[in-house]
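Student: Position chain B relative to chain A; hints supplied.
2 protein chains.
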Amino acid sequence: MKIETIAQNIVDNSEKKLKEIYFVACGGSLVDMYVANYLLEHESLTLTSGWFTSNEFVKFPPKRLGKQSLVILCSHSGNTLETINAGKIAKKAGAQTVGFTFNEKADLLETADYSYIYDWGNEREVSNNPMALIMTLAVEVFERIEGYNNYSNFKEGLERIDTIVAHAEDLVQQRAKAFANARAGEKIFNIIGSGATFGQIYGFAICSLMEMQWLNAVPINSAEFFHGPFEVTDKELPFILTLSIGRTRSLDERVKKFLDRYAQKIEVIDAKELGLDLINESVAEYFNPVLFYSVLSQYRKALANVRQHPLDVRRYMGKVKY
Amino acid sequence: MKIETIAQNIVDNSEKKLKEIYFVACGGSLVDMYVANYLLEHESLTLTSGWFTSNEFVKFPPKRLGKQSLVILCSHSGNTLETINAGKIAKKAGAQTVGFTFNEKADLLETADYSYIYDWGNEREVSNNPMALIMTLAVEVFERIEGYNNYSNFKEGLERIDTIVAHAEDLVQQRAKAFANARAGEKIFNIIGSGATFGQIYGFAICSLMEMQWLNAVPINSAEFFHGPFEVTDKELPFILTLSIGRTRSLDERVKKFLDRYAQKIEVIDAKELGLDLINESVAEYFNPVLFYSVLSQYRKALANVRQHPLDVRRYMGKVKY
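Protein chains in written order, with the UniProt record's numbering: chain A, 1 to 322; chain B, 1 to 322.
The hints are simulated quantities; they were obtained by calculation from the structure and are not laboratory data. Treat the hints with care, since some could be wrong.
Quick list of in silico lysine-lysine cross-link-like pairs, BS3-like style, CA-CA up to 27 Å [as the list claims (entries may be wrong)]:
hint : chain 1 : residue 1 : chain 2 : residue 2
1    : B       : Lys-92    : B       : Lys-105
2    : B       : Lys-16    : A       : Lys-257
3    : A       : Lys-19    : B       : Lys-155
4    : A       : Lys-63    : B       : Lys-63
5    : B       : Lys-321   : A       : Lys-63
6    : A       : Lys-235   : A       : Lys-177
7    : B       : Lys-17    : A       : Lys-319
8    : A       : Lys-63    : B       : Lys-16
9    : A       : Lys-63    : B       : Lys-17
In isolation and in its complexed conformation, chain A is listed as follows (with noise of 0.2 Å):
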């Protein structure tokens, strides 16, 4: 079922007015439900939204979980524990549930009440990974509900999109690889952006970094960082700094400049540089997080290659049990 087709049905299915949309996922899922959730909370009028990691959700959901609200879940294997079971309360509440998932045969469709089965593995077709899609239901849903006046622009932008993250991840190539011979010995990485780009900001510091890697990363909001986390900032500590586009890049310019002085092992990436700008400036920051994604994952493809650790290894995750 196309993303337009599940929206509707959602609202024409829906036996009361639609009210709160929560994001609920855990780990590099709920990552990329961060920016739908910061759209709503920014752009709707009417609906109130929420982005939960499925455990909280489950042992302390929302009083006001009921008919009026809509879940949507995810789970890239489709049978994470903690999701299947706040999609079991959703229902249970009257919520209507959407299950986005990569395994056609997941647990987590038992729960939905409506699936979408993503594929995987076209690093260059990012309008239909998980992250575009699950904002593009949430646009759409609100577009039905309460109208949304860039509509139009937010989907000239998923038109767009492929194209620059192409583009941009062929430009960093070099780069990627330059970090990674620079950067392969080190330990600690403080990871940095604004705006809707946070997520994938906590998403590559605790997924690619932290799971992938091995190695420590503290996520940090630009518009934070002058607020206890910058007095770390010394000539051997790595930053990875995002310059968004959009109406919180001047909190990341201020990091910048900041950086440029007191610190020495930066890696900035400028969304404008790569291209982002594009699509117009009313949507823009909302695409920030999908194109950093795709491009941080050639970065840690590169640290992957030097350090001669794959991506996919681990110690614990479906080793041992917990």
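Tutor: Okay, now just chain B, sitting in the frame of chain A:
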């Protein structure tokens, strides 16, 4: 003006019925607001709430911000520019504003319809620290707008928390010293907790360790730990784990079980053992962060002593321009 009076005035003077409460601050003050937002997000059927770092709120305020909104601001010094600007934007949109500060001549007070100058320094009167005060204001408004079924239990909790915290602070003195002696040479910590406590997990990382000790620290939600971060676990990496009272406790216990097996440098701080279960279980979990803030402050004090790095030393904040 008493918190109850401020709440009553807000409700009485509201041109439109309150629909949103936003918590806006930076760094340590933002940390202190996490629990108030968490409480409303979970308990309220009608109020939308949001937790924003000031400069993100300034650059991109939610579109719904208006006469039906309440914006609660906090700046310890009272002169945090980003938070003052957030107050101006809230006022311009027609929202009501409350400013919390320690400084009675604070610039923040100029953009605040209501102000609360809190005391500071009496570590044993936590019911009057900004965290408890802001949560109390949120509860008092919530009670008046919608009714909070655990209101009287919450008020009773406020009466008990000072005694519990004082007792807990005494209890952890020796442990904090032992922790500081054992961990004085570490450069990176993972800080873990869940639920209402997570604000303090983030705060201990960015303020107590990064800002005050120039040590890197990764804040991790217990519910997220097994979805990425746990792959960094080994016997060399130091962990600080809070076991909260309440609905998310089992998530913390799951982390403890894992760490007991695969890590060695583990400091566990248990709200139950420290007496938080003296508060009615319907509201006890909201007092976790109040307890943990005070208890963790003993740990940071001990660490600062052993490391001979006083808590008020800065190299950038107030020293250089940025």
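Student: Does Lys-63 (chain B) sit within 27 Å of Lys-63 (chain A), going by the straight-line distance between their CA atoms?
Tutor: 25 Å, holds
Student: Are Lys-17 (chain B) and Lys-319 (chain A) close enough, with their CA atoms no more than 27 Å apart?
Tutor: Judged against 27 Å, a Cα distance of about 54 Å means the pair is violated.
Student: Does Lys-16 (chain B) lie within 27 Å of Lys-63 (chain A) when you go C-alpha to C-alpha?
Tutor: At roughly 24 Å apart (the allowed maximum being 27 Å), Lys-16 (chain B) and Lys-63 (chain A) satisfy the hint.
Student: Against the 27 Å threshold, does the CA-CA distance of Lys-92 (chain B) and Lys-105 (chain B) hold or violate the hint?
Tutor: Distance of about 22 Å is within 27 Å: holds.
Student: For a C-alpha distance cap of 27 Å, please report whether Lys-235 (chain A) and Lys-177 (chain A) respect it.
Tutor: Roughly 21 Å separates the two Cα atoms, so the pair holds.
Student: Straight-line Cα separation of Lys-63 (chain A) and Lys-17 (chain B) no greater than 27 Å?
Tutor: This hinted pair holds, its Cα atoms lying about 21 Å apart.
Student: For the pair supplied as a hint, Lys-321 (chain B) and Lys-63 (chain A), is the alpha-carbon distance within the 27 Å limit?
Tutor: Given pair Lys-321 (chain B), Lys-63 (chain A) is violated - Cα atoms ~46 Å apart, limit 27 Å.
Student: For Lys-16 (chain B) and Lys-257 (chain A), compute the direct alpha-carbon distance and say whether it is at most 27 Å.
Tutor: With Cα atoms ~43 Å apart, Lys-16 (chain B) and Lys-257 (chain A) exceed 27 Å; violated.
Student: Going straight from one Cα to the other, do Lys-19 (chain A) and Lys-155 (chain B) come out at no more than 27 Å?
Tutor: Answer violated: Lys-19 (chain A) to Lys-155 (chain B) is near 31 Å, above 27 Å.
Violated hints, listed in ascending order, are 2, 3, 5 and 7; each of the other numbered hints is respected by the structure.
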